[in-house]
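**Student:** Starting from the structure of chain A, add chain B where the hints point.
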Amino acid sequence: MKQVLILFPDTFLWLKDNTGLLYNAKSFKKDGFNYTTALRSLCSALLFVDNLYTIEIEPENLTAEEVKFVDLVIRKKYGFITEHPAKAYSLPPVLSIQNDIKKMELNLSRSVNENILKYLTTLTIYTGGRFPGPLYYRQTYYPFHSESRLENSEILNFLDHIHSRYIKKINIVFSRIEAINFLISLSGKLKAAAPKVVYYCHVRELSDNITSILTQLDITTILICEYEPASLTALRDFLEYHRGLHPFEFNFLIRSQTEYNYWEHLVSQYEIKLYKYIPIYDNNYAFFNRFVFLNKEDINSVALSKRIVFAHQSVNINFFGELILLPDGLVYSNVNKPPIGCMQDSPYDLIKNELHKNYAWRVIRDQEPCSECVYQWLCPSPGQYELILGKNNLCTLK
Amino acid sequence: MIFRKINPTEIYENLLNLKQITFEVTDACNLKCNYCGYGDMYFGYDKRESKYMPFHQVRLLFDYLFVIWEKDRPASEIPMTYISFYGGEPLLNMNLIMAVVQYLDQRHINRNFVFSMTTNAVLLDRYMDYLVAHDFHLLISLDGDKAAQSYRSDIFGRNSFDKVYKNVKILQNLYPAFFMNNVNFNSVLHNRNSVEGIMTFMKKEFNKRPSISELNTSGIKPDKLEEFEKTFRNKMESLMLSGNCEKISEELFLSDPRTHELLLFLFQYSGNYFKDYNSLFIDEENFTVTPTGTCTPFGKRMFVTVNGKILQCEKIDHAFALGKISEEGVLLDLNSVTEKYNYYLEKMEVQCKSCKRKKSCIQCLYFIPGIAKKEKPVCPGYMGDAAFKYYAASCMDYLKNHPHLYAKIMNEVIME
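Protein chains in written order, with the numbering used here: chain A, 1 to 398; chain B, 1 to 416.
The hints are simulated quantities; they were obtained by calculation from the structure and are not laboratory data. Any given hint could be a false lead.
Stated by the list, open to error - Reference listing, derived: stretches of chain A covered by chain B, where coverage requires no fewer than 3 residues with Cβ under 8 Å from a Cβ of chain B:
{"id": "1", "region": "47 to 61"}
{"id": "2", "region": "154 to 165"}
{"id": "3", "region": "313 to 320"}
{"id": "4", "region": "339 to 348"}
Said to hold, decoys possible - Derived, one-sided and incomplete: chain B residues facing chain A with beta-carbon distance under 7 Å:
{"id": "5", "residue": "Glu77"}
{"id": "6", "residue": "Leu280"}
{"id": "7", "residue": "Met410"}
The model shown is predicted, which means the values in this text are computed figures rather than measured ones. Yeah, the Cβ is synthetic: ideal placement off N, Cα and C, and Gly gets one too.
For reference, chain B alone in the conformation it holds in the complex:
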């Protein structure tokens, strides 16, 4: 196995084939959720100042990308690019969203744009007609029933459940087909809900299977650790505590952490998985691997903050911005992005080389403590011989107990 560095050409090709651009259209929010990643519990983001992204900022970015998109042929004839709106609460900046939609509609770019949004649905009743008309894909944040939703409160501390539930029901009743095809839910797991409770609620109320996420475990303020630990719930533990764990696991499929882990294991260690036809022509010894499990810049998406910072993902610390949109235009020097990224990779390379899990690593380098500092960072995901044996055995034990997953994963799953 050969470790490699990235190069500017690769980043350029990622931009050419860009799958998703996520705009943080505002840092303002009409809720004040206790566990919010931009709230009191965390650091690692720009100060929240109730800013609203101006349209010219978005246009500058598109004008930059249009040059690339028109200059070279992408891998797909008509690539699909998700234009995602994120916050804060994106519905607070609908003027911008409408302007973006109109702008892209008017430009005749050889690309399918799919609009999507992560929303708390508090203002959904006001804008649902527009969202439906423009075929938006909605990810609604709802943690379950009223008790489960109690961390999602407004600035006065009032539970948002009644308002959100009512709005979602209106959408469901007015636009049933849209609701069925374009709406999904994300529920955050914490000490006031459970995997089983969330699944049961979503199934009963909306006939949906939500994605369930844990609280972000990075960037917690030291003085908030106690509160975090009190609030945090592990998805696996919650699943195991449920009465019909196996049934829920089956429904969750890859959202069950064990099944997802099994997938990674099978794809990387079975020797039976190939990304595409071209991979069949590469001898395993010549497979190149980028140290850590980090996506290459813009390989999956681009994230633009309300302050114009360009990052490779919305999950990472804003300090890792790779570029910026200023009044003059887009400042994104691919050589400098490459250097920065490779500098971090180099720091991890020695550990990665001896790590037994390097083939199925999921450790994002931006979450490795000390990666940006001069000190030698230590990878929290590192596995020696014993740890890897345990990991492999636990994956295989799980498969042994759920043998039907093998054919299902190998024959049916298509990754992003």
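So here's chain A without its partners, still in its complex pose:
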């Protein structure tokens, strides 16, 4: 007797070479299977959009492998079977973004440049100044070493020049904080320019004066904490002084298991609530391979909504919407790529350049080996580590 097999709208069916994956974005269940020749016709029919995730089957005529697949679909609730074809339909997860750049390019009456200022939501400004040390700014918010630094007026001129009502967040990454007045006058104007302002300050830069000013500014301040003697002393002093009352948040940089253990102990000892661990690559491939790269178990524990899967398929959720100004006056969408313009350029030109060159905002896992992997869209968007390490995937699967 004819029956209809239907996949639920939250089910993704991904096929690569000889591997298949069923993923349900509601239950977060996932099951891999061998995508053998025997399953090709059935799976292709399911993925043909006009079939609306439904196919007629005759159980008595199915091959053993097809029976196994259908059983998996039903048993793990990726879909169901009905004997009433008239009521059988589903909506396969076909993503529709109205202002999708490729879609707009094909539409002669529209322009890809429509409403693009809305995309720019975050500005990150590296003030610069002397801060000899590693180039960790290429991996995370970290002081940028330069002989000259951006003057207060240059930062404010840049913000005036960008002049967008759609900026939601401004990050200021300090190298040297030389003048207290500079900090005070800058803060008031920054708060007027965006709903959220975040200061990144290396813990070594803290002094009693600066700490006192920063705590009074009503601006989120994140202390960059590095495992090296001067920083540790400064941090200990700070934590002792502010015991139980931590006005700032903390980014703990980690290059090894030892460093991780140290920070973990510190967090517990001083009851630190707002903190992040940031892995840093510094010729420590073994550490990355063991603790940062995703393994099968990590990927199996992934629980992404349909929206996040769609986001992974179309934008880079780490980078989208952010432009970065370095002290040399050049503007980047990704500090590991060439600049997309300079601080005198109009924000529209900067955004258009990024949309055209795609150094960051729409960099997705569409390169090998990720493009050959069924977990392609379950993995996080590519970040800086891939560029630093010179490999497209950060996993142990491929």
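**Tutor:** Showing chain B alone in chain A's frame:
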């Protein structure tokens, strides 16, 4: 899902990114169509007094908008704003239209202005050279063949078809490229035409696919109800009665009410639709929804009546004016507009919260009976569980029978 109110900043941003300004350049008309929204059958508009909008009124509005447009950056580098002329019959006030075009040409505003007009084409032969020279986009009102056009008559009751048809043909012959790219038709459906008849006529005569609209169902005078019902035809019913319904439906695409309904359903309930890239970053639980399906003020357009009233759309009752252009200038207090709009939203919020169709609501609050009065208005579009299930099932049944529409809607359609 979170219900929200609007705020003055949002209205300001709508003005900054204003997509269309429609001027009712005159309330005079050289036709007297039986079913006209400004005619005997309806209420809800200022008395027609054969007025002509003066240029200084338009200039005051532009001067007001120029300040906003020059002060802040719009979302698009060079936004496109349609300047639309509406009536009455706009060709009766060509002096004003020419003055507006000249004024905008002379001002160096960082904006692309596209001129458009809804016209009955009776005077088209006189002004077509100018309209072509300034790249106007024309929406010509023509209900089909001579019999279909018979409600569109002049003040002596004479059918306008011969004159309109002749003028349109002249335009088509003299300016074929303009005709192909810039001219569209709108046909009103009534008891003397049909969807199939209109489509066939337009295709054969002009190789065009017209937009087809029903008679306005709001603001009908009680004593004209009988006449309205006699004249009114439902687009869906008319489509279903046609011999090659499926073919016409395919041609109509989103103008087929069922396909349009399906689009709304898919966009709001599939979980696969996102307005832009930024929407991908908002969790569905944090999506905010404004009660009812009303556009935010000036989110789509601004309408200015011949009396200087500023409304958010030409379709709504003039009593809902949000501002005014007076001799002194533009009176548009964004705080007061916000308060007024939110007051109406609040009235509907309780019903909206329990309505199952709230995500794909198309009910404009200005068309909810009693919305402006003290009484509790009842939303005609409200859907309970059973009604919504029926609605969803009918959308999905339609999709099941037209499965190719899924990929077409999701991959090809770009909304306004």
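**Student:** Indicate, hint by hint, whether the structure satisfies it.
**Tutor:** Taking the hints in turn, this is what the structure says about them:
1. 47 to 61: holds (count 4)
2. 154 to 165: It holds, with 3 qualifying residues against the three required.
3. 313 to 320: This one holds; 4 residues, not fewer than the three required, reach chain B with a Cβ under 8 Å.
4. 339 to 348: holds (count 3)
5. Glu77: holds, 4 Å
6. Leu280: Leu280 of chain B check passes; min Cβ-Cβ to chain A is 4 Å, inside 7 Å.
7. Met410: holds, 4 Å
The earlier numbered hints are all upheld by this structure, with none contradicted.
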